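Below are the chains, spelled out letter by letter.
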Amino acid sequence: MTPDQAPDSTPSDAALAARLRSAWPAQALADGGFTQAVMARVNAQVQARRAREQLSPQQARLWAQRSQTQAGHRARQTRQALVWGCMLGAAVGAAGSALGAWPVGAAWLPGLGGLIASAVLAWSVGNLEV
Amino acid sequence: MWRRAAAGDTAAFERIVITHQGRVRQQLRRLCRGDDALADDLAQDTFVQAWQALPGFAGQSQLGTWLYRIAWRSYLMHQRKLGRRPDELLAGDDTPDLPDASTPHGPALRLDLAQALARLPEAQRVAIIHCEVLALSHDEAAAVLGWPLGTLKSHVARGKARLRDWLADWQDEVHR
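Heads up: the protein sequence lines correspond to chains A and B, in order. Quick note, the first sequence lines up with residues 11 to 140 if you use the working numbering. Quick note, the second sequence lines up with residues 4 to 179 if you use the working numbering.
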């Protein structure tokens, strides 16, 4: 019974309180691996934080630069693949028209093929070089 | 000990868990109406959150009370996930009385203190759990729950009155 509860307490209040407290004593709860489970989670957090902190500022900068370089390299390769694909398609279209392989009006067809091929190539470059 | 734990000493924190796990788990088991697995999951979350928040714990309250407050918030978060709003807790007396003793299940329900507690309106149940089962003072319980002191006292008084009635009825039936 706490002091601020005492003034309005009656004997039946006290009996009820005693009964409620004795019904579920906290001390009777066996640990049963609970602490171990909590500490496993806490230790995992501690290790993750240490791993982050162990990365020196210089390493972090190098890591960021490397990531930026990789991203820039991938973008450049993608652009090159698109340009080469379009040029190849246009060249094949023009050569075919010159040789009379297909009507001049349909020369855009190989160009479209080249564009699609370059798009596929660009997609592969972007996906494979992760 | 909490200062060492706050500074990152996991061994000190482990001793805190060992010391307080029984009370925090008991609080959550009663709040979760005896769903021990759920209560222990929430208790684990409570201690992990406590570990993260310890550096900000300035010792202005007792560590045990502070842990009860985190546990109570974990319970509220869980209730929110189930679609219950926290203000529903304070909405009042919306739970029906126990079934009449003349119904087949009446006497059985009255026999069980846990059942009686579970049948209390939510706010009264929560107030009784903190003030009577966990034996917190009214001030401490109000701080843990974030309720006004008067509201808490009112819920405790009404909850106790109802429990006394139910238990008296049960005793009458036993001695009859």
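Don't read these hints as lab results, they were simulated from the structure. The structure presented is a predicted model; accordingly, all values stated were derived computationally and were not measured. Where a beta carbon is used, it is the ideal one built from N, C-alpha and C, also for glycine. Treat the hints with caution; some may be incorrect.
To be verified - If you only want the chain B side, here are some residues facing chain A, beta carbon under 7 Å, derived: (1) Q24; (2) G25; (3) R26; (4) Q29.
Said to hold, decoys possible - Chain A regions said to be covered by chain B (calculated; three or more residues, Cβ under 8 Å): (5) 25-33; (6) 126-133.
Was the hint right that G25/B lines chain A, CB cutoff 7 Å?
holds (4 Å)
Is the interface hint for R26/B satisfied, with its Cβ closer than 7 Å to some Cβ of chain A?
OK, holds: R26/B within 7 Å of chain A, min 4 Å.
Is the coverage entry for the segment 126-133 of chain A by chain B consistent with the three-residue Cβ rule at 8 Å?
That given contact is violated, which follows from only 0 residues of the segment 126-133 of chain A lying within Cβ reach (below 8 Å) of chain B.
Hint status (Cβ of Q24/B to nearest Cβ of chain A, threshold 7 Å):
Hint holds; Q24/B Cβ to chain A Cβ min 5 Å, cut 7 Å.
Can the segment 25-33 of chain A be counted as covered by chain B under the rule of three residues or more with Cβ-Cβ separation shorter than 8 Å?
holds (count 6)
For the restraint on Q29/B, tell me whether the closest CB of chain A is nearer than 7 Å.
Holds, about 4 Å.
Hint check: a violation occurs at hint 6 only; the rest are consistent with the structure.
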